[in-house]
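Colleague: Protein sequences, first through last, are from chains A, B and C. For the record, in the first sequence the residue sitting at position 573 is 573 according to my numbering, with numbers rising by one throughout. For the record, in the second sequence the residue sitting at position 103 is 103 according to my numbering, with numbers rising by one throughout. For the record, in the third sequence the residue sitting at position 109 is 109 according to my numbering, with numbers rising by one throughout.
These are calculated hints, taken from the structure and not from any lab test. Check each hint, because a few of them may be wrong.
Stated by the list, open to error - Taking lysine to aspartate or glutamate pairs in the EDC-like style, the calculated list, with each CA pair at most 20 Å apart, reads: (1) Lys135(C) to Glu100(B); (2) Lys221(B) to Glu152(C); (3) Lys221(B) to Glu159(C); (4) Lys221(B) to Asp56(C); (5) Lys135(C) to Asp189(B); (6) Lys680(A) to Glu100(B); (7) Lys124(A) to Asp149(A); (8) Lys67(C) to Asp56(C); (9) Lys88(C) to Asp166(C); (10) Lys71(A) to Glu88(A); (11) Lys49(C) to Asp73(C).
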Amino acid sequence: MKAGQWVRDLGMGARFAVTGGREGWVRALLTAVGVGLGVALLLLTTSIPNALAARDERSAAGSSLSHQAPKGDDTLLVADVYTEFRGETVQGSALEPEGPRAPLPPGLRRFPAQGEMVVSPALKELLLSDSGKLLRERLPDRIVGTIGDSGLIGPADLTFFRGADGLASRLDGGTVIRIDGFGERAGQSDAWDPVLILLVMVVFVVLLMPVAVFIAAAVRFGGERRDRRLAALRLVGADSRMTRRIAAGEALAGAVLGLVLGAGFFLLGRQAAGSVEVFRVSVFPNDLQPSPVLVLLVAVAVPAAAVLVTLFALRGVVIEPLGVVRTARPARRRLWWRLLLPLAGLALLYPMIGQGNDGGDFNAYLVVGGVMLLLIGVTALLPWAVETVVARLGSGGVAWQLAVRRLQLSSGTAARMVNGIAVAVAGSIALQMLFAGVDSDYTSDTGYDVSRAQMQMSLPAEVPLASATDRFRRTEGVRAVYPFSEGYVGERRTDPERGTSVLAGSCAELREMARLPSCHDGDVFAVRGAEYDTDTPKLAVPGRKLYFDPTYEGDTKGREIPWTVPDGIRAAQARIGLTGWHQGGFLITPGALPDAAAPALTGQIYLKLDPSVPDAWELALNTAAALDPLTAPMELSATERNDRFDAIRTGLFVGATCVLALIGASLLISQLEQLRERRKLLSALVAFGTRRRTLSLSLLWQTAIPVALGLLLASVVGLALGIVLMRMADTTVRVDWTSLLSMTGVGAAVVLAVTLLSLPPLLRLMRPDGLRTE
Amino acid sequence: MTAPAGSLLAAEELRKAYGPTVALDGAAFSIHPGEVVAVMGPSGSGKSTLLHCLAGIVTPDSGSITYHGRELAGMSDAQRSALRRSEFGFVFQFGQLVPELTCVENVALPLRLNGRPRKEAERSALSWMERLEVDDLAKKRPGEVSGGQGQRVAVARALVTNPRVLFADEPTGALDSLNGERVMELLTDAARSTNAAVVLVTHEARVAAYSDREVVVRDGKSRDMERVV
Amino acid sequence: MSIGHTLLGLLESGPRHGYDLKRAFDEKFGHDRPLHYGQVYSTMSRLLKNGLVEVDGIESGGGPERKRYAITDAGITDVARWLATPEKPEPYLQSTLYTKVVLALLTGRDADGILDTQRSEHLRSMRVLTDRKRKGDLADQLICDHALFHLEADLRWLELTAARLDKLREAVTR
Chain A
1 MKAGQWVRDL
11 GMGARFAVTG
21 GREGWVRALL
31 TAVGVGLGVA
41 LLLLTTSIPN
51 ALAARDERSA
61 AGSSLSHQAP
71 KGDDTLLVAD
81 VYTEFRGETV
91 QGSALEPEGP
101 RAPLPPGLRR
111 FPAQGEMVVS
121 PALKELLLSD
131 SGKLLRERLP
141 DRIVGTIGDS
151 GLIGPADLTF
161 FRGADGLASR
171 LDGGTVIRID
181 GFGERAGQSD
191 AWDPVLILLV
201 MVVFVVLLMP
211 VAVFIAAAVR
221 FGGERRDRRL
231 AALRLVGADS
241 RMTRRIAAGE
251 ALAGAVLGLV
261 LGAGFFLLGR
271 QAAGSVEVFR
281 VSVFPNDLQP
291 SPVLVLLVAV
301 AVPAAAVLVT
311 LFALRGVVIE
321 PLGVVRTARP
331 ARRRLWWRLL
341 LPLAGLALLY
351 PMIGQGNDGG
361 DFNAYLVVGG
371 VMLLLIGVTA
381 LLPWAVETVV
391 ARLGSGGVAW
401 QLAVRRLQLS
411 SGTAARMVNG
421 IAVAVAGSIA
431 LQMLFAGVDS
441 DYTSDTGYDV
451 SRAQMQMSLP
461 AEVPLASATD
471 RFRRTEGVRA
481 VYPFSEGYVG
491 ERRTDPERGT
501 SVLAGSCAEL
511 REMARLPSCH
521 DGDVFAVRGA
531 EYDTDTPKLA
541 VPGRKLYFDP
551 TYEGDTKGRE
561 IPWTVPDGIR
571 AAQARIGLTG
581 WHQGGFLITP
591 GALPDAAAPA
601 LTGQIYLKLD
611 PSVPDAWELA
621 LNTAAALDPL
631 TAPMELSATE
641 RNDRFDAIRT
651 GLFVGATCVL
661 ALIGASLLIS
671 QLEQLRERRK
681 LLSALVAFGT
691 RRRTLSLSLL
701 WQTAIPVALG
711 LLLASVVGLA
721 LGIVLMRMAD
731 TTVRVDWTSL
741 LSMTGVGAAV
751 VLAVTLLSLP
761 PLLRLMRPDG
771 LRTE
Chain B
1 MTAPAGSLLA
11 AEELRKAYGP
21 TVALDGAAFS
31 IHPGEVVAVM
41 GPSGSGKSTL
51 LHCLAGIVTP
61 DSGSITYHGR
71 ELAGMSDAQR
81 SALRRSEFGF
91 VFQFGQLVPE
101 LTCVENVALP
111 LRLNGRPRKE
121 AERSALSWME
131 RLEVDDLAKK
141 RPGEVSGGQG
151 QRVAVARALV
161 TNPRVLFADE
171 PTGALDSLNG
181 ERVMELLTDA
191 ARSTNAAVVL
201 VTHEARVAAY
211 SDREVVVRDG
221 KSRDMERVV
Chain C
1 MSIGHTLLGL
11 LESGPRHGYD
21 LKRAFDEKFG
31 HDRPLHYGQV
41 YSTMSRLLKN
51 GLVEVDGIES
61 GGGPERKRYA
71 ITDAGITDVA
81 RWLATPEKPE
91 PYLQSTLYTK
101 VVLALLTGRD
111 ADGILDTQRS
121 EHLRSMRVLT
131 DRKRKGDLAD
141 QLICDHALFH
151 LEADLRWLEL
161 TAARLDKLRE
171 AVTR
């Protein structure tokens, strides 16, 4: 009988949730959307570990490093080729099978022949698009297929395999290796970047928290109307336990509807996740599989939480047959325990400060717990802040007085509605700061003097320096080319204890690397004053015999070309070279360089690009690829890298805005509900001549005051959290005012929109019809 | 029929329909300064609509309403609002006090809407509350006072601007007879002392007995009983 | 209550015999007090003498002779004047008012108007009483209140009747 009664009561409540006319539906739908968003986020969060594991597996399966082998009919020569296109990393391999049993990399059906390549779907799309034309010049091979999903780590990966010939000759240089299989032998999976893990955790907490707050507020939608309904039920004989069960049933209905919506949102989000790339990481929709246990947990916990929140909200309420009595006046809000929450959050996060850089792990529980406590702290502090501030607000116009008095009477309701906004804003401010910080670290801390050269390329032995210089000089967008030959000299033929670098180039070029007193062809200089260079002064003794390319124990034999330090050697002062470092060692003009030494030197080309040519960088890379497809030039510039992070921040901004819009919608609903309840009063106010402006303004103040307080508090907590997170990630602490302003701006816009949208109903309610008693 | 000479507020040939429902169908009305006129009639007869039209809250579909010789139809909404703020006072059955404001703030509200400073407005509010014997409730909120007290606060609020016309729509409807009569006594006394006209919509004869004459509204038509006999 | 005016009113719908008149009166108004025929006879002779009715014809034959009465123009005017004159407000006058209302309905006159006129008359008395009450001492107030409540009861009954006029019209003209 008991169970039957329960089911009947819950069912009755559920019916009330959906049979309340249009408003009832809208309210149930909003609750469901809120719950649904929360559920979808929860499901997404629970499937992240699976997705990361799947990525690790794929990455391990494609790894080749642990398979080095001697030549046979089952070996494959692989050269990893890497390039960048407009800031996107393009990862590729040149493949040359050495026999019929050569291992095929995952995702390939056959080896591409020389002049052919197999590309990932994302790369194919890019190459065939207009914007990919320049990249197509760099990767001109015929596309003969696409790489299967098993060969990709994520769907947005830009990857290719191209056929190659004659790779064996470059085995020595380290760019090419010979392998007999793919897949990792040892279980040494790459540890995730702790900062990335931190970001993922914080993103989800930040997005989940306002949704949770929203759900808590949403199940209380229409509370007053529900109370009256429950009172009516008491009048016809329901006991107080029954009414509570009926209220729980109403909340349950919204939550269950939310579960269904949430599942839908999750499936949609999963598809969308396939086309989103976060921190160079993209995920296949199929990899996003929440574990069944966690799904079950969500399915049980969400409705349970909805019911608990409802019962909690009813705790101080006695539903009597003739109305609802709130037991005692709520005690004045106290500050101390409200402060404890954010302080506890800070305490949890504090020990992890600085761990982002030394590969340390972040304790997931501490991070999530700390961030949650900080954000919950906002919801705890806000009611106190609203109450305290509102109680002190002084006189003003009639509109102000009406709004302030109303807030003084029911500051709790106002604060509850704003809580969601505050938490969302605080969270996203912190997150935006963290992103901006990580962003700037990833981009601008290279230390290169970008004004003099932006690109450096090491030439392979086959490519003569002169012709490469010439090709680059003819490349559009290249303003200056600085060719050098670079080598290393040791004091002995084998295993020298002292050694230093040698740079050969014309006087003009050498002047870019050091301060020369005067220079003529045939001069040799020893650089003094370069950081970390202690050997040069000891070796720069005229007549001392040194050896180019000495041999080291266990390595292939070097060329060991002897060279005698000439008598006329002069000193040069170190300066910041093209690379941004102090160039040390010997500087040799071409006339002083013995021909015999030439093979021991590699060509180095520094390029200065023309910033006014938009694709100068890509054009130079194309020239470099044509010179040698296996060597990637080094980027000395970091200015192009921002876009990728912009995309993430935009995404976060949009997400936060959506959450705010949802909260705005609920604010609007409760606003309208409140207006309808005051219909008679509004009409009376109009009757004795109250201006529409006055009432509209009072409506604006009524929303704006708590929201302004919420945004202020959110900014403070958000900044604090942001700074702590940045310290944790060990990035430079910098306040991102743009995101702070944009988030508070969105919050303010929500207030304005809510007020504007409630104006037409207000004006309608202000018509004298409300005075009619019949 | 033209408005009798010397009338403060007069209406002729008023017609007003809410959709298919005809509320007023050729009603007429007039009132002199210092006069208390009861508007009576069965419920749904259009008495409240007549009051709303007279007060410029509702615009009639046709007909004329003149206040001090000025045609109400010729005024803008803002002008009519201003007229209501400064020249008219209102008492309704219920739902008229702003629950968040204290009683004295409620009484001061019309003055503040007219732009008077708060201190001054509350001072005159308090003196009116004294006259209506509710000055001890000044700091209380409407939710904390009884129905009769609340209605007296409402009367004080209606009179605080020294209105020329006081509109009272079932002012005692929610009160018991003792409280109702006390409110009526205070209301009519105060109105007489300021020479204000009172338009009193009621269905209770004992309330109507506080009037000087009555106008009966039936099926949207009015009947001035004084002039018929 | 004026039996004369009532019988006159009943005659307005057409000439009747004295005995018919008694039956019609009993049916419509005399629920608890049927009219004695002698009363009809004497009333009719008075009305005849005053010229308010005339004899329309005499039927003789088995039994007593039966006069048929018809109303004169003067009689119609008299009924109208009577209906339009409010009754002096005093307790327990509803039987007269009821008769007036039914007669108005039967003769197609404005029953609402009767109510309005009566209310106006009542209110006049109530105003006097209210005024006296405001100026008087507690004893005055109590006495006035008693009268006021009675008058109010009458008026309430009047309002109720007014609200049910349509139903009443259906019932009396059936």
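Colleague: Against each hint, give a clear statement of whether it holds in the structure.
Modeller: Here is how each hint holds up against the structure:
1. Using a Cα cut-off of 20 Å, the hinted pair Lys135(C) and Glu100(B) is violated, with the two alpha carbons roughly 39 Å apart.
2. With a C-alpha separation of about 24 Å, the suggested pairing of Lys221(B) with Glu152(C) is violated against the 20 Å cut-off.
3. Taking the CA atoms of Lys221(B) and Glu159(C), the gap is about 17 Å. The hint holds against a cut of 20 Å.
4. Restraint check for Lys221(B) and Asp56(C): not satisfied, since their Cα atoms lie roughly 42 Å apart, outside the 20 Å limit.
5. For the hint linking Lys135(C) to Asp189(B), the alpha-carbon distance of about 12 Å falls within 20 Å, and the restraint holds.
6. Of the supplied pair hints, the one linking Lys680(A) and Glu100(B) holds, its CA atoms being roughly 15 Å apart against a limit of 20 Å.
7. Under the criterion of a C-alpha separation no larger than 20 Å, the hint pairing Lys124(A) with Asp149(A) is consistent with the structure, at around 14 Å.
8. Between Lys67(C) and Asp56(C), the direct Cα distance comes to roughly 7 Å. Compliance with the 20 Å bound is thereby established for this hinted pair.
9. Taking the CA atoms of Lys88(C) and Asp166(C), the gap is near 26 Å; set against the 20 Å cutoff, the hint is violated.
10. About 35 Å separates the Cα atoms of Lys71(A) and Glu88(A), which puts this hinted pair outside 20 Å; it is violated.
11. As the CA atoms of Lys49(C) and Asp73(C) are separated by approximately 14 Å, the hinted pair is consistent with the 20 Å bound.
Violated hints, listed in ascending order, are 1, 2, 4, 9, 10; each of the other numbered hints is respected by the structure.
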